[in-house]
Amino acid sequence: MNQKHIAQAIIDSRARLVEKTKGLPVLPLRTEAEEGGCGVTGFACNIPVGGRHIFEPSVQMHNRGNGKGGGIAAVGLEAGKLGVDQNTLESHFLLQIALLDPTVLKELEDRFVRPFFKIPHEDFVPTVDDFRDIPGLDIEPPQVKRYFVQVQPDVLAKFQLEKNLGKLSLEKAAEEFVYQNTFRLNETYYSSLGEKKAFVLSHGRNMMILKIVGYAEKVAQYYQLDDFKAHIWIAHQRYPTKGRVWHPGGAHPFIGLDEALVHNGDFANYYSVSEYLYQRNVVPLFLTDTEVSVQVFDLLNRVYGYPLEYIIESLAPTTEMDFDKLSVEKQRIYRQIQTTQIHGSPDGPWFFIIARNLTGEKTYQLIGITDTAMLRPQVFALQKGEVEIGLICSEKQAIDATLQSLAREDPRFGTIADRYWNARGGSYTDGGAFIFSVKESDSGNWNLTCQDKFGRPIDIPADRTPLDFSLELKTFPLKATTAQKIRKGLESGKIISLYSSLLGSIEKWDYAQLNNFLDHLIALAKEEKLMEGVVETLTLLLDRRYPTGTKRRRSVLQMVTRSLEKIFNGIPSLTQEKGTPFLRIDYAHRLMLRAPEAGEKTLVVDGEQFPPEGEDCDSRLVVKAYELGWKRFIGYGYRGQRFLGCGLGPDTKGVRIDAYGSSGDYLASGIDGLEIVVHGNAQDQLGQILKSGKLVVHGDVGQTFLYGAKGGEVYVLGNAAGRPLINAVGRPKVVINGTALDFLAESFMAGDPHNGGGFVIVNGLAVDNQGNIIPQETPYPGANLFSLASGGAIYIRDPHQKIVAEQLNGGEIVPFSEKDWQLILPYLKENERLFGISIEDHLLTVDGQKFPPSQVFRTVQPAKQTVLAGGLDEWE
Amino acid sequence: MRYILRQCSVLQCSPLSSGLARLVSGLFTVPSQLMAFYEGIMFDVSQFIPPEVKPAPTRFRHGLSKFRIVIGKNCDNCGLCLNLCPFGVYQPGAKRPKAGKDFLCLGPACQKNEFYCIARCPKDAITMNPNPSFEVLGDRRWTADLLASTWYMAETGEIPYQGLNYKTGDSGGGFDKLRLVFPPNKALDCPDEDICLSLDLNRTGDERPSISLPIPFYLGGMSFGSVSINAILSRVRAAAAWGTFCCTGEGGYPDDLKPYDDHIITQVATGLFGVREETIQRVRIVEFKYAQGAKPGLGGHLLGDKVTTEVARMREAVVGSSLFSPFPFHSVYSVEDHKKHIDWIKATNPRALVSVKVSTPNDVDMVAVGSYFAGAHILQLDGSYGGTGAAPDIAKKNIAMPLEYAVPKVHKFLKEEGIRDNLTLIASGGIRTGYDVAKIIALGANGVCLGTADMVALECLRCHNCESGRGCARGIATTDPELTQLITQDWGTQRIINVYAAWMKQLRFILKRLGITHIRDLVGRWDCLAHLDYIKAEEIEGELE
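Residue numbers (this note's numbering), protein chains in the order written: chain A, 1 to 876; chain B, 1 to 545.
Derived from the structure by calculation, the hints contain no laboratory data. Among the hints, erroneous ones may be present.
Reference listing, derived: stretches of chain B covered by chain A, where coverage requires no fewer than 3 residues with Cβ under 8 Å from a Cβ of chain A [what the hints assert, rightly or not]: (1) 273 to 279; (2) 313 to 324; (3) 331 to 341; (4) 347 to 358.
Remember, it's a predicted structure, so these values are computed and weren't measured experimentally. All C-beta atoms, glycine included, are put in the ideal place defined by N, C-alpha and C.
All chains, please: the whole structure from these sequences, using the hints.
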């Protein structure tokens, strides 16, 4: 049967469904409440894990919601817990109805459930006895009735006959019946009423949704899902701007059929998308843009039968140079998709996480899709090993929180993922979407795979085994010669040489040997004079990329991180001790902060318990400590705490802050003189309006990095996400060793780089799995580089001349001069010192051969723009 | 320069030479004692002493008048008119008197007076005609009458008597069709001082300072670059004298403003030009500019010609190259980003209040609620009537909701949400008179924010050429060093002080007629208003203003 006819039949069959609404001005001009933001999170795992683990990332992203709506979805459930057998779970629709007014239950069942379905099992979803036992839950969540249903054969036959759906297979017809029945139920008990009475939460197979008015993690608590296991969990913290919300109808996730979608963002074209759907007999009932998102997805998926790649293309079209880079065949198809579906394509900032069950394929999928302009924050992560997990989140710190939560319960999980990355929206490189699939193999094992939009796999080489942290590692004394070497190295203060001399051993060691070495260092740290050196050594092991032999890098990092935390936790509290160079303070003792006394040098802040923002946050503590005279700070245990380094005011030269753990957004914004070093990946909005000082990031940075920056020296080991250095002015000097997703240095206005102005060096490098530094496929994949810039320059390492004029909108490529080289050389030397990226071996060596700088680097400078220049030139 | 001359010849006046300007400037200074007081940290509103009104005459030889008085050849210089005219229109002359200040003339309305000079002139030498320049002055929103009356108020601090319509313009809608309705028998008979016009800015109940203004408005952002440093300082000093605030706009924080830190709102706008941690920490209020009502969705722009060396230095940008502020904030695409943004500023300055300036899209009510929950103290709704010449006409006239729709909509929605009392709602965009202030407060705002009215006080002509070339024939919207000298700070300061003094009189008059003693009791009093498109004058109970 031709898909075209099936699609038309389904659409036609819905005509009467929406008849009531036809001819009336029903299409809402706007959503019921603005919600723009929100925190979204999801993970897919090859083993089922408890709902408690969606708790951590949800708590971590409280500040992305306002407690007025939270929801979770689970896919790939445990039959036993639901009171059915595996076969029923997989073959039956799991209908969950939220009863806002429980008195309608009987009538509702008589009208929409009992007459149509075989119901082998039904039950109320268990809850805690009294919602007030859960702190922070102000509104009682709805009672939820759960039914496992199959459409009765005679009902289905009649449906097919009446709706002219004889073309559909029985299964497809049953799906459509469930869909339409739900629509009518929602219409009757929800959208047509002033007082809402009931609505369907979910009706897909082997999946369910629950939502409440409150923070998402309260869902898990209230509905007792802590130990309820599933392969995929997604959660959403809602931020509706409407103040009074009494029921969770508008909370995410929303359903198509077998999929649940959560959304972070806000469409500009809600009306247009609604109209597109209306023309296809789909009407929104809940008036949120999330609902229409999943309606579009369901339409493209189930009605039109698009493969996932084309669905993603419909939602986030490939544009500009990215389109040109596609193969001719893809261009042909994509152009047709765009022509047909553009009106249903959400415009504006959005990021979707979708969890779905591919019935019949024994596959559960977790999908993350970003909009073409990448306007919402998004991080993907993958961890492979005996247990495998893929994660998608608004913030990296929430991913780490999930992993920590899982690792506490099952040490086979590591606390650090093998890989973290951002998607490049609507791109030819990854399509801005990644799909984690959990699939049962023929042998009955469950595997997790990850692919991008185009089906290209993202994988972690299996040849390096991760450490199972539940195992007891053998302990034995370190070899005397090694111990001696370490002590000598630490005493000499030449930590970098010590580090280099250890690399060979570290590569050869097994986990037990490495563990012994780390334990040895921890012991040495107890000696006051060696402490700093030990911390420095461990920090190098954390920051640098080096061969790890048969060991998995993430496990090594986990061990090093653990060792550092042990050392930091062992530092005496500033309330107890006096006169030692390192003193520690934590949240509980924050009010006991005092000025440094003689011999006290470094304040170590245990960041874990601090709130992420507000008067009590750790960034405020650092400001107060600075005002009291502290100059040197180490912060650790961070879980997304924001604004570190902000608020110290002007002229803070001589202050240094080292941040370990998952530091948060806006770090180093506005700094004027101080130095701040991030050990690991950083998050979004770093270094806004940064004026002077130094920022070093031993990893990637997130969105809108250095927005409106005025100066400073900035070094990034990895990549920057979208829109770095937008509207930067003055004299920022920035080295990015990776690349940026897009829109680098738009409206850059940093004067003349040879006359005190600013510039960005882009090296376009990456680190492979062996710890080798290698060039990326292209030094800059984005279609917009240096757009509308009027000052400054970009020096880009591009030996194969991959940057083309089409990427520039207002810039021009000119030869890289000796003067340019002399200008950037000092920064490359510092870059080499910080990250070990060698000027000779890595930057100037191309395919094993050394070249002069002028053949390796290229200069992008502003072209004189008549649109920018004034009519008078006398100012020059 | 040719351009300036053309402008001037049309209006038949010529700028003073800079020497003369200096001379004029010496005449008007705010007493230093008083300034010291104004610069104090906290105000007790009840203790507030309003600044002194002093004459601040026009900089130009001939003030623009509605009527032209011409003394004919048959005058015998008897001097009778000089003695008759109580307004001082005439000055003595060698051959005959000069009608040098005909803008003070009452016009034909004077006929009924026994001192009507035209009738009394023994030689029939005096004629009065409408001034053709006056007829081409202004526009529908800022009519010639409104401009002339504002200039008069700036000179004298008094409400005009000359028969100028100083209450409404001629736009055919909005404020110009709204009328205050004075109920019968409610008027208060009390001294002006008993009517309180103060405005509290922090209503959230958080731990940040409460700031109260003795008057129900502050001055909106105009950046260094868009207007001259003298224009900025005039506004800032007038704001300080009135115990209120003036916003920097998005052009940095010139050092000259430092003495007035306690009266400055620094703006964090989408280009982040000139925003530094120390400027955020220096002030008591930080304003986020998301959009302007005059050009929502268009960001900001300063064209190349105005980016002089000094402007470029302040913004750390490139001389002569146009500067664009993007729309929106690149770091803010949602309400939770917005909260994070506010949290950042709050972390940087733990004592500052946060104001959020937005335009008026049709979901402005949602924006308001979102801003409140994100932690804003003040929400400024910038309607579509405002904006100077630099905003493109297509934007000014076609986007954003009129302010008189947006304000009640937001007021009502906040009330329904139960948070109206916790947020200070400031209206801006097209507030021209004390009457407009009263109307928008009655519609639901707590106070207003002003911009163009200050410019008019500085003798802006509304010629709409702010963006072009080096700017302004009147030396206001310019960064040209020479044109800047057309205004002196002391003169400008006094002009703005005077206008506000007159507005205070208007507001107190209005409140007394309404029977209200505190302006906060006017907030949301829709019953005090009538819209002439929807109700006939005869159906209104009470007296129309």
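Which earlier hints can't be squared with this structure? none
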